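Note that the protein sequences, when read in sequence, are chains C and D.
Position 81 of the first sequence, counted from 1, bears residue number 81 in my numbering, the numbering being contiguous throughout.
Position 7 of the second sequence, counted from 1, bears residue number 7 in my numbering, the numbering being contiguous throughout.
No lab work stands behind these hints: they were computed from the structure.
Possibly wrong hints are sitting among the right ones.
[Said to hold, decoys possible] Subject to a maximum C-alpha distance of 30 Å in a straight line, what follows is the list of computed DSS-like cross-link-like pairs (lysine-lysine):
no., chain 1, residue 1, chain 2, residue 2
1, C, Lys-182, D, Lys-16
2, C, Lys-22, C, Lys-182
3, D, Lys-16, C, Lys-151
4, C, Lys-22, D, Lys-16
[Claimed, not checked] A few chain C residues facing chain D, derived, Cβ under 7 Å:
no., residue
5, Gly-91
6, His-94
7, Leu-97
Treat the numbers as computed from the prediction; the structure is a model and nothing was measured.
Think of the CB as a built atom: it goes at the ideal place given N, C-alpha and C, for glycine as much as any other residue.
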Amino acid sequence: MNVHTIHASRDVMADAKAAAAKFRDERSRAGTLVVNLLSSPGAGKTSLLEATARHFNARRSMAALVGDLATDRDAQRLVRWMPAVQLTTGGACHLELPLVERGYEALETDAVSFLFIENVGNLVCPSSHDLGEHLRVVVLSTTEGDDKPGKYPKAFRTSQALVISKTDLLPYVPFSLDAATKDARLIQPEIAVLPTSTINGEGIAAWCEFLEAQHICLMNSRDEPTNP
Amino acid sequence: MHEYSLVRALFGEVDKLAATAGEVLVKEVRVQVGPLSAVEPLLLCSAFTNLVPRSSIPDAELIVTEVPLTAECLACGHGCEIIGFRFRCPRCESTRLRVTGGDIMLLESITVEPRHAAPEILS
């Protein structure tokens with residue numbers, strides 16, 4: 001046998017994706033919708049989750065896994081509302097499934113309706129990592145500018161919903177909801193767009209209805225017979 | 001900067017592939033990346049260079065090929081290249097497209113040689 005080439009044509013992340021699919025299936029069976037929240041730092045992911053918990057007012061069970069480089073500040077905020085575990089990455093720029101699985105074990109919670117994964121603030125790296133979510137949501141704040149979808153195409157292409165946060169600031173910042181929506185839909189034509197403000201409450205009910213609808217879809221798909 | 005975790009995943013895939021060939025040394029690893037792979041080739045090569053000496057394939061060289069972002073239209077079946085991340089079929093204007101390339105990091109092939117080369121015949 002001499003020097004020879006072996007062809008593969010295999011996704012480098014295939015094993016990670018298979019493990020994520022297994023985690024997703026397990027949560028599906030338990031009736032838990034897993035939501036992975038992506039955004040740049042400070043877009044308002046934690047505030048959105050606080051507003052979500054306030055809106056549901058204990059009518060829906062939820063839990064959160066919160067990614068952060070160094071602190072547990074976000075988990076401390078959320079633990080007033082729901083079981084929350086901080087996933088401290090020690091400087092790493094994104095979450096990976098093993099961290100999520102360990103965090104999920106640490107939650108020690110019975111099956112909840114919604115498991116939120118608040119990713120590390122970063123619109124690049126988290127977009128390449130399937131965390132076993134059913135729903136990927138990208139949060140874009142009005143202070144960041146409406147040109148961001150085209151600049152971070154993978155985050156928007158791989159998301160099913162776009163939450164535009166801080167709409168209360170629209171009178172003061174050069175941000176067009178139409179331009180952001182149009183830019184996002186060039187990349188992901190199917191993306192749901194949900195403008196919100198956690199300050200004046202605009203759009204929070206619509207966002208929660210969207211989550212409820214996704215949860216109903218999950219429960220219905222669970223009831224359908226699966227092909228052997 | 002997640003190229004380091006991608007390189008670790010790459011080592012795992014290379015190990016599995018090399019094991020199918022028995023006792024071999026991996027000399028070359030070829031990967032493809034595209035516009036939606038979220039991989040910067042220069043950073044990928046630098047991560048590979050840093051990690052490879054302490055890996056199971058210390059002799060391997062990494063060759064990165066950049067490929068275009070391609071898709072198949074689910075409405076009319078047309079295959080096309082996606083330019084500027086505009087996901088619309090150039091033939092029928094449908095937005096129902098399935099990405100067929102350029103959105104992942106693909107292990108294309110590895111080149112290996114036998115670990116124990118046949119002893120040279122001394123003249």
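For each hint, the structure was consulted:
1. Lys-182/C <-> Lys-16/D: Given pair Lys-182/C, Lys-16/D is violated - Cα atoms ~44 Å apart, limit 30 Å.
2. Lys-22/C <-> Lys-182/C: Violated, at about 34 Å.
3. Lys-16/D <-> Lys-151/C: 36 Å, violated
4. Lys-22/C <-> Lys-16/D: 21 Å, holds
5. Gly-91: Not OK, violated: Gly-91/C not within 7 Å of chain D, min 10 Å.
6. His-94: 6 Å, holds
7. Leu-97: Because about 11 Å separates Leu-97/C from the closest Cβ in chain D, which is outside the 7 Å limit, the hint is violated.
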